[in-house]
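Q: The chain contents come next:
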Amino acid sequence: MSRELPAEDPLVRMQRDLKRALKKKPKEIQWGMVIDIAKCIGCHACTIGCVAENKLPPGVVYRVVLEEETGHYPQVRRRFVPRPCLHCQNPPCVKACPVTATWKTEQGVVIVDYNRCIGCRYCLVACPYSARTSDFAEWYTEGTPDLAGKLVGRKAAANGYEAHPAAEYGKKWPDRDHDSPVGNARKCHFCLHRLKVGMLPACTTTCIGRATIFGDRSDPQSLVSEMIGSPRVFRLKEELGTLPAVYYLK
Amino acid sequence: MFTEKHFRYVIILAVAGLIIGTWGMGARLLYGHKYMDYGSFVPWGLWVAFDLFFLGLTAGAYIVSVLTYGFRIRLFAALGPLSVFALLVTLLCEGIIISLDLGHPLRIYRFLLSPNFGSMLFWLVAFIVAMWIIYLTTFFLLLREQLVAWSRDEKRPGHKIYRLLAGGRSDYTEADRARDHRRVRIMSYISMPIGLLFFGMHGAVFAILLNRPLWNGAMTPFLFIMAALLSGGALITFLTYLFHPRDDLVQPLGRIVLGLLATFLFLEALQFFVGYQSKVPNFVASLDLIAFGPFWWNFWVLHLLIGSAIPIYILITRANDTKAVSWACFLILVTFFAVRLNYLIPDLAVYKLEGLQNTFFSHRLRTDYVPNFNEWLVSIWVISLGLLTFFLGMRWLPVEAAGMEEEEHV
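Chains as they are written, first to last, in the numbering used here: chain D, 1 to 250; chain V, 1 to 410.
Everything labelled a hint here was simulated from the structure, so no lab data went into it.
A few chain V residues facing chain D, derived, Cβ under 8 Å:
(1) K34
(2) P43
(3) E354
Computed footprint of chain D on chain V, listed as stretches where at least three residues anywhere in the stretch have a Cβ under 8 Å from a Cβ of chain D:
(4) 21–33
(5) 100–108
From the three backbone atoms N, C-alpha and C, an ideal C-beta is built for every residue, glycine too.
Construct the entire structure; sequences and hints are all you get.
A: Dropping the structure here:
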């Protein structure tokens, strides 16, 4: 029987990297992500994890898993490409916003100020990756009956789960109604509210194939930096010059 | 020729449109964008197409005011106040419909508090505001003499309101007239570069987007300028026929519109040629959607047949028939909305990443956008409000009277 310990789970290492990053000055951190598409099995757990974490309403999605098919039968292949916001270093969405409601933080994360966004959706049009969605005030529990004493309906189901806002950007938002983020552009923010308390983004922790690697790109010891150095690395639509902070491994 | 009977019909039509459109307006104001059919992949729909349409229509007044007051061409002098008023009404319609399209229209003040000087959309709004200032001032200066005259007429209903509109003045001297016209000329000089930048910036909003092959390119702002001049020119020609049906006015305008239409079609053909020759998949997919997609008739029938071929035939063969010329321009005008839709939707309607259509199922995450009933009702409401404002304005403001002796002042 081997006396060697099993290989360390990448999540454990990423958690350690995260702790180390959070000890640095904020401006010294550059958050980044690497997605190993050879490991992605297309389970969509990251999508579901993100929707649950951020309590996203119908039609709003921060992270999708693209399914690409190549070849002709019988020589066909399918690969899965998870696509969060790519947090471009040269983001077209930031340049598009007429009221500076979206910008890049010093840690390299493109964020949206929900209270400043006028909902013109120009950023949605400008994003080459279709990574932004608009909140059209829809509900999953739309049309379900509210009956007294029954666990059905918008108000009763899961104790009004949908109405209670998520802690996006670490803020306490009012219950979902007509106010922001309804009417706003919404997007992945690398779960900044989780990072603040030392937790990895929801998509990273829910990835069962450990295909999503997250961490501080500026830390040469971090797993994410190591992966970025791989010869398999590429970025989506590199020809556009957007310089995404999300990298892929072939 | 616009008669009292026509006036009644238009007012009834506009009021009916306002009543019918109230349903859509109610849905928009009470429930936001919930009951509209655009989504996140086609984030701009019918209302933005109308926004482009209305902004383009303002160019007619721009041509007339620049020719008349900037270059002092007397021919179109009688149209000055009319065209400026038409510009203001179309800007009003544009302002309303684009405000309704915003997720948070009440935050419009953000353009002042936190402007992004690098955003083309910011500059478009800045130029829209500049156009408002220029043309509202011009309109006031052009009408002031008649406003003072109407305010002095005690028998005229609402003469006190006219005094208020005239700035409380009860006399208007020859010196005032000369000063006001000098100011109008200054406004016209200012409007020359501002107008070109305004129409060009309109195109630049689309032209700078690298991920939108149909829009991206240096030709787009020029295409927008030509589109604006064409649709605006057609509007002014038709309005001239309604309110100043003079052969010497309508027919030259018809010849200008014909030239603009030919130029626009040439540019459009170039866009198709370059797109198909480039063989960029998304570009070709967008062009295919325009020409062979489910709304092919929008392009072939509305735009090319009714909005181009027939007007060209009329404008060439019946160039000396004022009525025919004006109706040809009317056809260009009403079908130009199809051009705006054809420009806006097809690029948005192509998925920008392979496989995106199979990722997350929601009607907001599809590209097969068709405007729904509520969107049309809101558009009808805005158009009806514009019609009502314009025709009641023509009745209650001295727009026609102000144009009467304009030639000698130019």
